[in-house]
Amino acid sequence: MTEKKTLKRFASVFLTSSLIVGALAGCGSKEEGTSTDSGGSTSDDTSEVIKIGANLELSGAVASYGSSIGKGAELAVEEINAAGGIDGKKIELVKVDNKSENSEATNAAIKLATQDKVAAMIAPATSGNVIATAQIANQYKIPTVTASGTAPNVTENEDGSINDFVFRTCFIDPFQGVVAANFATEELKAKNVAIYADNSSDYAKGLAAAFKEQIEANGGTVVKEEAYVADDVDFKSTLTNIKSANPDFVFIPGYYEEVGLIVKQARELGIDVPLMGADGWDSPTLVELAGKDALNNTFITNHYSSQDPDETIQSFVDAFEAKFSEAPNAFHALGYDTVYYIVDAIKRAGSADGEAIQKALAETTDLSLITGTFSVDEKHNPVKSATVLEYVDGNQQFNSKVNP
Amino acid sequence: MEWLQQLVNGISLGSIYALIALGYTMVYGIIKLINFAHGDVFMLGAFIGFYAIARWDLGFFPALIIAMLLCAIIGVIIERVAYKRLRNATRIAALITAIGVSLLIEYTVIFFRGASPEAYPEVFANKSINILGANISSISIVILAVTVVLMILLHFIVHKTKIGKAMRAVSHDADAARLMGINVDNTISATFAIGSALAGAAGVIFGLYYTRIEPLMGVLPGLKAFVAAVLGGIGSIPGAMTGGLVLGVVETIVSALGYSLWRDAAAFVILILILILKPSGIFGKNTREKV
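Going line by line, the protein sequences match chains A and B.
For the first sequence, position 232 (counting from the first letter as 1) is numbered 232 according to UniProt numbering, and the numbering increases by one without interruption.
For the second sequence, position 31 (counting from the first letter as 1) is numbered 31 according to UniProt numbering, and the numbering increases by one without interruption.
To give an idea of the chain B side of the interface with chain A (calculated C-beta under 10 Å), a few residues:
| id | residue |
| --- | --- |
| 1 | 5 |
| 2 | 119 |
| 3 | 121 |
| 4 | 134 |
| 5 | 209 |
| 6 | 212 |
| 7 | 217 |
| 8 | 220 |
| 9 | 252 |
| 10 | 253 |
| 11 | 254 |
| 12 | 255 |
| 13 | 260 |
| 14 | 263 |
| 15 | 264 |
Worth flagging that the hints you see were computed from the coordinates, not collected in a lab.
Beta carbons: idealized from backbone N, C-alpha and C, even for Gly.
Given these sequences and hints, build the entire structure.
This is how it looks when you write it as structure tokens:
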């Protein structure tokens, strides 16, 4: 009995002491953190590093997007630091995993803002997650730039007001729809088109609406409009419907998981007209799901192509391949560009103060990056070109560049 | 010939539902348990078939047989570990256990291989045959052939073999069967083995036909197959086959009419209607061959 009691007491003492030790250790590191910071947070000249947070999808459903952006950002930070950093100050990239979830994205933003005290943030890859961080960015006045959040409402709220501290490096969804429609009428001479959109994503619905408007303006007719929901696997009955309408072009905005199956099943049913989508198709998984043959005669709009003959793009591709031994995709390029975009603004602002950087970001003009040269419009969206790629035997081939 | 094409689409989908529904209905027939883990055995079958084809370079038929055998073993293990000791417990306890087993299987698979989808390799040259304007892929024909063969085999086992006779006897009256010298435990295990093997086969066929497999792929087809089993009359083998095919064709018709977003809803509306209007299902009333 007594033995048990002493054991219990011992255990409790042990637990409390370990707790205290843990707490002290926590304090210690915090103090360290603030001591390097305390010099810098008020007057930026004395701080040694400028921290840029990266709130990314490193695990979860869209982990491939977030980790790609992270890799691109890493390369950019390495290059900038090798070239002397920003006015002699090194950049430090602080990565936080938001697990591809909205609530975790908010938590990660709070952590970056309050604990790491970053000067600017790279926002999550998907629009929904960016929106989940917008309020934190505005509240703590930390400029936040998403590499690939393409939904219009990332920077512009429903009531038309602008999220002051939220920016992006990519073009917006409706623009891709417009490019696809122009490509269909001008290059493919399509007249009667069908649309098969993912009804469960705002991204696909936005693209479909913009495409429809533009194709009708170009004199084309939408002969069939159908929709599916995410996680469907059987598209044959709807595709049979589409086939019977005899379109000469089908626009399929959506994500690669379903699109891969749609393309495969469409070809099985004998739909052999050109199919087209947008950057949601861009994944190696698409080729596995659809098969190389089925993907022939399909096109996508994208942010950039690693096969673009442009010189700066090719030197970026070489540098990326040297570091990661893989060809950079659009997310890698956008992550890379996002760091350069932020750093350009910090340089012009002349300080790491949030409001100064915000102003500089909004005033960016003719900034030349890998994914195109752009100026920022009044809605915080870059005005830039899109690239059309064609799938040939499972590989993306550069087709053309379309200016806004 | 659009309607012929739609009919082919519907039958391909329906035969997969039918194969899964058979397992539901057999297990329900013998121990009055809705085995919600059944959809996950279907998922395991799809993955076993995938690894057999993609990693061990086996052909379709060896992969199908390996998936069926392993799923049969998994089914028996599930029954022995989770359900056997609950045989005399309330039905709700067994039902909740079934849901627990279902989640356990799903998340164990996610733990070991992650949640990302996998693309099934092509084992057949994918040729389309044009019959009266309908494009029928070679895979659809293989699927239909395999389904028909498995159903004939099942019919033979249930009606012409000793274990089939035992299964029918246990489903009528387990106590009386025991008095007649039938080993009830083994008979129940055999039922699980056969039902799970069919689910495993359905998994491989599904992977081949629809290409994309992932750890949560069993949930919706599992529920749909449950609807099919209820539609046909739960406990009835011909009911499960008919229910599956009818459900597949109905879903296809709903999509064909332009209501593709309502397709999943249609399946569950059928469930509600059948429970209100004819709870015993199409074949429920007069069947004497519950298994």
